[in-house]
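Chemist: The residues making up each chain are set out below.
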Amino acid sequence: MDILSTKEMTRKEMLEVLDHARSVEQGTSLSGEVLGLLFFEPSTRTKMSFTSAMKRLGGDVVDMGSVESSSVKKGETLADTVRVVEGYADALVIRHPREGSARLASEFVDAPVINAGDGAGQHPTQTLLDLYTMREEVDEDLGSLHVGVMGDLKYGRTVHSLSLALAKFDTRLSFVSPSELRLPENVRRELEGSGVEFREVEDVEGVVDDLDVLYVTRIQKERFPEEREYERIAHSYRVSSDSLEDAGDVRVMHPLPRVDEIDPDLDDTEHALYFRQAHNGVPVRMAILDMVLGGSG
Amino acid sequence: MDILSTKEMTRKEMLEVLDHARSVEQGTSLSGEVLGLLFFEPSTRTKMSFTSAMKRLGGDVVDMGSVESSSVKKGETLADTVRVVEGYADALVIRHPREGSARLASEFVDAPVINAGDGAGQHPTQTLLDLYTMREEVDEDLGSLHVGVMGDLKYGRTVHSLSLALAKFDTRLSFVSPSELRLPENVRRELEGSGVEFREVEDVEGVVDDLDVLYVTRIQKERFPEEREYERIAHSYRVSSDSLEDAGDVRVMHPLPRVDEIDPDLDDTEHALYFRQAHNGVPVRMAILDMVLGGSG
Amino acid sequence: MDILSTKEMTRKEMLEVLDHARSVEQGTSLSGEVLGLLFFEPSTRTKMSFTSAMKRLGGDVVDMGSVESSSVKKGETLADTVRVVEGYADALVIRHPREGSARLASEFVDAPVINAGDGAGQHPTQTLLDLYTMREEVDEDLGSLHVGVMGDLKYGRTVHSLSLALAKFDTRLSFVSPSELRLPENVRRELEGSGVEFREVEDVEGVVDDLDVLYVTRIQKERFPEEREYERIAHSYRVSSDSLEDAGDVRVMHPLPRVDEIDPDLDDTEHALYFRQAHNGVPVRMAILDMVLGGSG
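Chains as they are written, first to last, in our numbering: chain A, 593 to 889; chain B, 593 to 889; chain C, 593 to 889.
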């Protein structure tokens with residue numbers, strides 16, 4: 593069993609993970625099992641939470657370390673690296689800058705492969721923890737929610753992954769972004785094909801009071817030729833206590849790290865769900881590891 | 593329970609750690625517990641000894657890795673990082689170049705925070721292992737000792753931390769340094785306020801035959817505008833078999849790594865206490881972890 | 593017990609390791625034991641397989657991390673580093689760019705030291721896993737084999753280590769290399785002294801149909817003043833399905849990572865032994881760790 597993409601997971605399969613995350617318990621069920629960590633790009637939260645999840649199940653990890661300190665630097669192909677590491681570990685977690693890398697890896701090894709982000713592609717365990725957070729903290733019935741997704745909708749793999757998954761639950765979606773950073777054509781077409789109800793707007797004001805969840809992502813400076821243009825846009829897509837004053841009890845999520853897009857004055861309010869969301873990486877990844885390695889679920 | 597500074601620990605609290613370090617045993621008391629390692633500056637001995645201590649108690653660690661490979665590089669604040677990592681670990685160990693960082697972190701999380709060095713501030717677990725070493729290897733009664741502290745007394749957090757802690761035990765202190773690297777005003781004033789007996793001298797010859805312990809620290813080249821001036825001073829604050837010939841059985845300590853300030857010809861003599869001192873990092877950190885996480889002590 | 597070099601291991605001692613590797617089992621025999629990893633040079637497979645081996649025996653590791661993140665950068669000597677780390681670990685694994693480093697380390701500590709590669713010197717655990725692979729996958733009786741060693745025979749520590757070890761088993765050896773990269777004089781002389789039957793040739797065609805094993809190593813571009821000369825030579829020492837068409841059932845080994853010297857079209861044939869060889873790092877290192885730390889074997 594590989595976890596490569598939420599695209600090919602059915603609603604039922606996703607719910608199985610979410611249900612298992614609810615009940616999985618710290619213990620020794622993966623005692624003796626070793627998880628191989630292959631991060632070809634920097635990561636803090638994904639790597640640490642996989643490590644923590646594995647250890648809380650009694651298992652352990654072996655870490656390839658940074659690309660600089662590995663034989664990848666000597667020109668080894670990904671296919672060779674994973675076939676070697678398969679001998680050291682019972683399952684592999686891979687993050688790689690090239691889209692499709694995790695799938696490629698899965699074709700070369702028998703061990704289960706978990707995609708922890710492949711370029712502009714997928715990041716399925718992030719999506720599953722996002723869904724888990726909405727289900728546990730907002731509403732058991734994801735289909736009854738209205739979720740706003742705001743920020744850089746063009747380049748963010750997190751946004752694409754999440755939107756297509758929510759579409760499978762018939763969650764109502766509102767996409768909020770400057771016109772330069774709208775959803776890419778291929779994602780928009782997939783959403784249309786799914787039959788989910790969604791709209792695209794440029795201002796959050798018109799939709800926020802109807803939202804249950806506002807999922808915020810970072811707008812990166814590098815996307816804009818002029819600093820001034822970036823400043824203008826970044827400012828108008830910034831969320832604060834002020835901007836949510838008339839917004840009811842909308843809950844704010846963010847894959848983190850944030851830079852400026854959520855004002856810290858939101859941190860101690862009922863709106864803030866982003867730290868709890870990050871923490872949910874542990875039970876969700878425990879559930880995934882337990883299903884992949886322990887045969888449960 | 594946080595361990596942020598020896599300044600606010602009472603003599604009694606420090607003795608509790610030292611007593612517990614004496615009796616703490618390898619085992620499984622922290623089985624299932626995970627310690628988060630957040631080192632924003634390089635470290636070998638502190639990080640390795642915390643890791644070893646945790647594992648010898650049956651617990652495990654998750655390591656943020658280097659700043660370069662983490663989301664700190666993306667501009668995340670320390671407050672955000674610790675609030676995220678709190679979800680992955682039961683306690684946090686933090687080293688950070690900015691003074692006050694561990695305290696700041698402790699204000700944002702519920703998990704216990706252990707300061708592993710904050711800029712020019714404190715390094716309390718180093719001080720506790722220094723005290724433990726003096727108590728176990730030199731004299732049970734720290735108050736009966738005469739300790740010389742030599743080298744760079746101006747910039748070293750280790751020296752400040754240790755001196756203020758020894759003052760609480762009424763240990764007699766002699767500070768030996770070139771005038772350029774004397775104790776900073778604030779530390780001198782605190783020592784005066786404590787009522788401890790201390791003096792400041794420029795030459796070790798006058799005091800060394802009366803010392804029980806000579807605590808040596810490195811004099812850094814960067815502190816001197818002229819290479820020649822540095823060479824002259826570094827040479828006269830170098831300890832060797834020769835320089836200790838008439839010094840009785842004074843024991844030499846050093847937080848390590850040393851560069852040139854202790855001649856290797858001392859390594860196999862009775863004077864050398866610095867490697868045993870480094871090794872004491874394990875029982876002392878086991879004691880601290882056990883008290884912080886296991887409820888013992 | 594240190595593992596510093598296969599040079600000073602007898603045939604009997606090597607067979608003890610190989611026998612133990614055959615029977616060593618995953619479990620908890622090293623529970624509570626901590627292995628110190630000191631890699632002063634990058635490594636993927638050696639470090640990961642030692643880590644995996646230790647964890648599969650119930651033990652754990654503490655890792656110094658990269659040189660950049662350690663106090664080695666502050667100018668600490670190897671002798672000091674190992675004497676400190678000895679306090680954190682029950683045995684040490686060392687890789688270092690300077691020949692003789694592991695031996696030097698072993699003179700300063702009581703803990704067992706395992707050499708994981710010292711410059712142009714030795715890499716004994718690689719040699720043991722190479723022998724193990726030949727014995728398990730090709731022939732129980734290493735003395736009955738005819739092994740070809742091809743590529744850069746001048747600079748490769750793996751080649752020197754392996755050749756001298758095979759000589760102890762009276763394995764017939766054929767060395768295949770361009771004249772610029774022939775065996776160094778000192779290795780050739782040792783082989784002559786050992787009485788083993790060996791020859792040196794420039795073309796693999798003349799010997800390959802008689803070989804049981806062809807051990808391929810990389811030819812590095814840096815060795816050649818002219819790119820064109822390198823291209824010509826690298827190409828003629830490249831192994832592929834084509835080049836092995838008339839070679840019978842010769843098995844191909846490689847210490848990995850490979851770059852261009854083995855065509856991937858060999859990967860799914862019976863010739864390819866290199867991935868299984870890499871995987872054998874785990875049982876062989878488990879055997880070594882168990883013998884060094886657990887008193888078995």
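No lab work stands behind these hints: they were computed from the structure. Hints are not guaranteed to be accurate.
Copies of one chain are not kept apart here, so a pair can be met inside one copy or by any two copies together.
Stated by the list, open to error - Once the Cα atoms are required to be at most 20 Å apart in a straight line, the calculated EDC-like pairs of lysine to aspartate or glutamate come out as: (1) K760 <-> D731; (2) K599 <-> E782; (3) K604 <-> E792; (4) K813 <-> E668; (5) K666 <-> E633; (6) K666 <-> E814; (7) K813 <-> E823; (8) K746 <-> D702; (9) K599 <-> D838; (10) K666 <-> D855; (11) K599 <-> D802; (12) K666 <-> E853; (13) K746 <-> D852; (14) K746 <-> E823; (15) K760 <-> E862; (16) K813 <-> D655; (17) K746 <-> D594; (18) K746 <-> E853; (19) K599 <-> E668; (20) K760 <-> D682.
Chemist: Determine for every hint whether it applies to the structure shown.
Modeler: So, going through the hints one by one against the coordinates:
When the C-alpha separation of K760 and D731 is checked against a cutoff of 20 Å, the pair qualifies only within one copy, where the shortest distance is 16 Å, while the shortest distance between copies is 56 Å. Taking the closest pair of Cα atoms, K599 and E782 come within 20 Å of each other only inside a single copy of the chain (10 Å); across copies the shortest separation is 61 Å, beyond that limit. Within a single copy, K604 and E792 get their C-alpha atoms no closer than 28 Å, and across copies no closer than 64 Å, so neither meets the 20 Å cut-off. Taking identical chains as interchangeable, the C-alpha atoms of K813 and E668 lie at most 20 Å apart only when they sit on different chains, with a minimum of 15 Å there against 33 Å within one chain.
In this assembly of identical chains, the alpha carbons of K666 and E633 lie at most 20 Å apart whether taken from the same copy (17 Å) or from different copies (13 Å). In the homo-oligomer, the alpha carbons of K666 and E814 lie at most 20 Å apart only across protomers (13 Å), although the nearest pairing inside one protomer, at 30 Å, exceeds that limit. With identical chains, the CA atoms of K813 and E823 are at most 20 Å apart within one copy only, with a shortest distance of 8 Å there and 44 Å across copies. Taking the closest pair of Cα atoms, K746 and D702 never come within 20 Å of each other, the shortest separation being 34 Å inside a single copy and 37 Å across copies.
For the identical chains of this complex, K599 and D838 are neighbours neither inside a copy (35 Å) nor across copies (47 Å), given an alpha-carbon limit of 20 Å. Taking the shortest alpha-carbon separations for K666 and D855, only the inter-copy value of 17 Å comes in at or below 20 Å, while the best intra-copy value is 44 Å. Taking the closest pair of Cα atoms, K599 and D802 never come within 20 Å of each other, the shortest separation being 27 Å inside a single copy and 53 Å across copies. With identical chains, the CA atoms of K666 and E853 are at most 20 Å apart between copies only, with a shortest distance of 13 Å across copies and 39 Å within one.
Taking the shortest alpha-carbon separations for K746 and D852, only the intra-copy value of 19 Å comes in at or below 20 Å, while the best inter-copy value is 38 Å. Taking the shortest Cα distances, K746 and E823 sit within 20 Å of each other inside one copy (18 Å), while across copies they are farther apart (44 Å). Taking CA atoms no more than 20 Å apart as the test, K760 paired with E862 passes in neither setting, with 28 Å inside one copy and 46 Å between copies. With identical chains, the CA atoms of K813 and D655 are never at most 20 Å apart, being 32 Å at best within one copy and 30 Å at best between copies.
With identical chains, the CA atoms of K746 and D594 are never at most 20 Å apart, being 27 Å at best within one copy and 44 Å at best between copies. Within a single copy, K746 and E853 get their C-alpha atoms as close as 17 Å, which meets the 20 Å cut-off; across copies the closest is 42 Å, which misses it. Taking identical chains as interchangeable, the C-alpha atoms of K599 and E668 are never at most 20 Å apart, the minima being 30 Å within one chain and 30 Å between chains. Taking CA atoms no more than 20 Å apart as the test, K760 paired with D682 passes in neither setting, with 31 Å inside one copy and 36 Å between copies.
In terms of the numbered hints stated before, the structure departs from hints 3, 8, 9, 11, 15, 16, 17, 19 and 20, listed from lowest to highest.
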